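Protein chains in written order, with the numbering used here: chain A, 1 to 267; chain B, 1 to 397.
Since the hints were derived computationally from the structure, they do not count as laboratory data. Where hints are given, some of them may not hold.
[Claimed, not checked] Straight-line Cα separation of at most 30 Å, DSSO-like style, residue types lysine-lysine; simulated pairs: (1) A:K49 <-> A:K150; (2) A:K45 <-> A:K204; (3) A:K238 <-> A:K59; (4) B:K40 <-> A:K45; (5) A:K150 <-> A:K239; (6) A:K118 <-> B:K40; (7) B:K62 <-> A:K252; (8) A:K59 <-> A:K150; (9) A:K49 <-> B:K40; (10) A:K36 <-> A:K163; (11) A:K45 <-> A:K190; (12) A:K197 <-> A:K55.
[To be verified] Chain B stretches covered by chain A per the calculated footprint, using a threshold of three residues with CB under 8 Å from any CB of chain A: (13) 37-46; (14) 256-262.
All values derive from a computational prediction rather than experimental measurement. Glycine included, every Cβ here is placed at the ideal spot set by N, Cα and C.
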Amino acid sequence: MQKTIAAALLALALPALAHAETPEQKGLAIAVESQKRNTGWVDSKVDAKMILENKQGEKSERNMRLRALEVVSDTDGDKSLTYFLSPADVQGTALLSFTHFKTPDDQWLFLPALKRVKRIASANKSGSFVGSEFAFEDLLAQEVERFTYKYLREEPCPTDEAKGLVCFVSERFPAYENSGYTRQVSWVDKKDYQVRKLEFFDRKAEHSKTLLFTGYRQYQGKFWRSHTLVMENHQTGKKTTLSLGNFELNAKVDQTEFDPDALARLR
Amino acid sequence: MRRFWLIGLIGACAAVARAEPIDLSGYVAGEVRIFPAEPKFPAQHENTFSPSLALQPELRWKLDEENTLTLIPFGRIDVDDDERTHWDIREANWLYNAGDWDLRVGLGKVFWGVAESRHLVDIVNQTDLVESLDEEDKLGQPMVNLNVITGFGTWSAFVLPYFRERTFAGPEGRPGLPLRVAEDLAVFESGDEERHIDFALRWQERVGNFDIGLSHFHGTGREPRLVPTLVPGGPVFVPHYDQIDQTGLDVQATFDAWLLKLEAIRREGQGEPFFAATAGFEYTLYQVFESSADLGLIAEYHHDGRDDFAPFTIFNNDVMVGARLALNDQDDTSLLGGAIVDVETQTTFATVEFATRIAEGWKLEVEGRFLPYVANGTLESNFERDHALEIRVLRYF
């Protein structure tokens, strides 16, 4: 993403670390470094399982196959394709998203029963993804350009897995339209620059949800991926666990898979 | 026709023989249609509760990265209507996927268009009208279909070597027509009858917020004219299938929560050449009533300039308004309500559809169909007593 700008920002930010640096500059520098360490994976394949749990502990499950294409551009973010394997009644449904920084995202839905590809409104950032506690915006690639930042403090990392590591704690504010959040607070470890925890504050500025990232594993000696994401909704008592497996990076995914006109041949 | 089914079946059997993992899915559905009013025509059944059972297994076998075989048979057993007791092969095809082009050979299904209440541009597959009046159920169409994704849009070419006749309710079926539709007596303009080879070509492209499709179809029109004819045994409707040329345009503009839609066709071959169009919008309100539900508001206007020598349509000058509520809950609960009102006669056709998941793999659908006002002499007046509530339980596997 925006390699030249990122490099320029780093050149500015790194010496500044030694000198007086505003919390905004430091927050941005942390995000830029995180992103830098996650550039060059080209494309990916991953299997995803979501377990939705309500207050009474009743569970339901969704299984998906995810494809993503890394886009390096000043204006456009990554492309992603979500293909549903279950529940059985939505099997074969697919969602294709193109993200952009300055213009609204593009989204297409493939409805297998009608064999219909429908372009859908992308304004729905804050809506629930398939009834889970994840909003659409929570699942988009978290590119630097999507937020503005403010560094708060350092403290021990919050998850057991990251015990012993120190985390940067920063606020970030959605820079895109239609977000359901006024702000988020992130815990990013100082060693690998991976997100360990996110707190979400809703439109009324109330702490509504918390997301924990665990099960980190490194791929190709470079890219860290969390395999278990647990999102808790403090207002409803509901919880969604997203388990990721069979990661393939630089997976040589056929680029035409990300063409809306190719959706109809998924089924 | 049977030859095409056979090719598909043999392909599928070959697939089974290779003992590779075959993906089996599909559903079985039990349905009760409730007709509160007495039927309009004497031959129609008088049962308030009219049950039926449908089965649609879907077999998919991915041979390798490029080759996929698909087999989707469908069947329904209807207690009251012998014509609605029917079966079909929705799909039986081989797909070769080469990335920027693909080829599909066999019985297939495609959808063209953007509108919700009428599918003007969508012409490749015949409508399985006995399944539902909404014209969204389609019969499998024998085809050779080549799709090429280029830097200048996606081109799709179709050779359609066999024609499928539209299905209609039987004389005892509801909703139905005053006369039996004699499908066995169908009259074709072409001497090749159902063996006439049809062609279709489509180009689609995205330009910014606009999704554009242009298409042309040359061949046997999917909509029959129903001609009252006296045959031994009494009068029947004989379906007449004409040779037509139809050019279609479909455009959707997507701006934030707005979808603006246009479908238009020009058709030659049925009376004077005519234009027809559907234009409308869909506007979605997200997280309404401080819940996670979305409310979509839909309005569409239908114009159709066909004359009396073309098949009859109810969409000559009509307005459709509707709303779709999606709860975005664990059970994917949704509610859709809509009404199509004829601007000239005020005849109104209203539908309500509710769907929810009742357990893992189980779905409940409830569909209501009402005609609150019907003017005399309209096509809808045939259905004026066919208010119905359909309750369906589907088991997916």
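Results for each hint:
| no. | hint | verdict |
| --- | --- | --- |
| 1 | A:K49 <-> A:K150 | violated, 33 Å |
| 2 | A:K45 <-> A:K204 | violated, 37 Å |
| 3 | A:K238 <-> A:K59 | holds, 10 Å |
| 4 | B:K40 <-> A:K45 | violated, 58 Å |
| 5 | A:K150 <-> A:K239 | holds, 28 Å |
| 6 | A:K118 <-> B:K40 | violated, 39 Å |
| 7 | B:K62 <-> A:K252 | holds, 19 Å |
| 8 | A:K59 <-> A:K150 | violated, 37 Å |
| 9 | A:K49 <-> B:K40 | violated, 52 Å |
| 10 | A:K36 <-> A:K163 | holds, 24 Å |
| 11 | A:K45 <-> A:K190 | holds, 28 Å |
| 12 | A:K197 <-> A:K55 | holds, 22 Å |
| 13 | 37-46 | violated (count 0) |
| 14 | 256-262 | holds (count 4) |
Hint violations for this structure: numbers 1, 2, 4, 6, 8, 9, 13, all remaining hints satisfied.
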